[in-house]
Amino acid sequence: MTGWQSEIGATFRYSGKEMQPQPGGLSAQVLKVRDELWALTGVKYDSVLINYYADGKCGMRYHVDPLYDRWTPNSAVVSLGDTRTFIFREIDDHDTRWQYRVRNGDAVLMFGDCQDRLQHCVRVEKRAEDAGPRMSLVFKERLRGPTGQYLLP
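FYI, full-length UniProt numbering numbers position 76 of the sequence shown as 76, with every residue one higher than the one before it.
Certain hints may be false.
Heads up, simulated DSS-like pairs for lysine-lysine below, C-alpha to C-alpha not over 30 Å straight-line [to be verified]:
1) 57 <-> 17
2) 32 <-> 17
3) 57 <-> 126
4) 44 <-> 17
5) 44 <-> 32
Each pair of labels, with its calculated beta carbon distance range [as the list claims (entries may be wrong)]:
6) 73 <-> 93: 14 to 22 Å
7) 2 <-> 104: 14 to 22 Å
8) 127 <-> 42: 21 to 29 Å
9) 106 <-> 42: 16 to 24 Å
Everything labelled a hint here was simulated from the structure, so no lab data went into it. Backbone N, C-alpha and C define an ideal beta-carbon position, used for all residues, glycine too.
Could you build all of it, start to finish, from the sequences and the hints given here?
Here it is as structure tokens:
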């Protein structure tokens, strides 16, 4: 289950679909998390993809986040709920991996050439009961034109 929020009205395309933003921009709860990230990183994310993982059998296969010349390479994944395994691997060498156990409140920052060099995933557990419910907030930053305007739609 996924949701999309954007304070600038941006749509989000991935997996062959285009998500429209929920009305009202970023919710108060999401704004609080975004503002904490802004204070820590200096990046003012303007949109967020919300993913819900019901149990250990729910995961996300290896992928890179779609940029489509619309998004900066900066993104932050905030984990809420049960602990899960988050893995990076080299695109050109699937044997080279970095594995992290992300806990409630942890943030994974991706920037620079991360999306060009690495794929990432949320590992599916052996059994559904091996992990409880989890949400991820994937914060995105829209590209801007030379005068600072957002590149929309």
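I want to verify a distance hint. Is the separation of the beta carbons of residue 73 and residue 93 within 14 to 22 Å?
holds (20 Å)
Hint consistency between residue 32 and residue 17 [alpha-carbon to alpha-carbon, up to 30 Å]
holds (28 Å)
Check the hint pairing residue 57 with residue 17 against an upper bound of 30 Å on the C-alpha distance.
holds (23 Å)
For the pair supplied as a hint, residue 57 and residue 126, is the alpha-carbon distance within the 30 Å limit?
Status holds; Cα separation ~7 Å.
Cβ separation of residue 127 and residue 42, checked against the hinted range 21 to 29 Å
violated (41 Å)
Starting from the hint 16 to 24 Å, judge whether the C-beta atoms of residue 106 and residue 42 obey it.
Because 19 Å falls inside the window, the suggested range holds.
Restraint check for residue 44 with residue 32, where alpha carbons must lie at most 30 Å apart:
holds (12 Å)
Starting from the range 14 to 22 Å, see whether the pair residue 2 and residue 104 falls in it by beta-carbon distance.
holds (20 Å)
Is the hinted pair residue 44 and residue 17 satisfied, with a Cα-Cα distance of at most 30 Å?
holds (25 Å)
Consistency note: the structure conflicts with earlier hint 8 alone.
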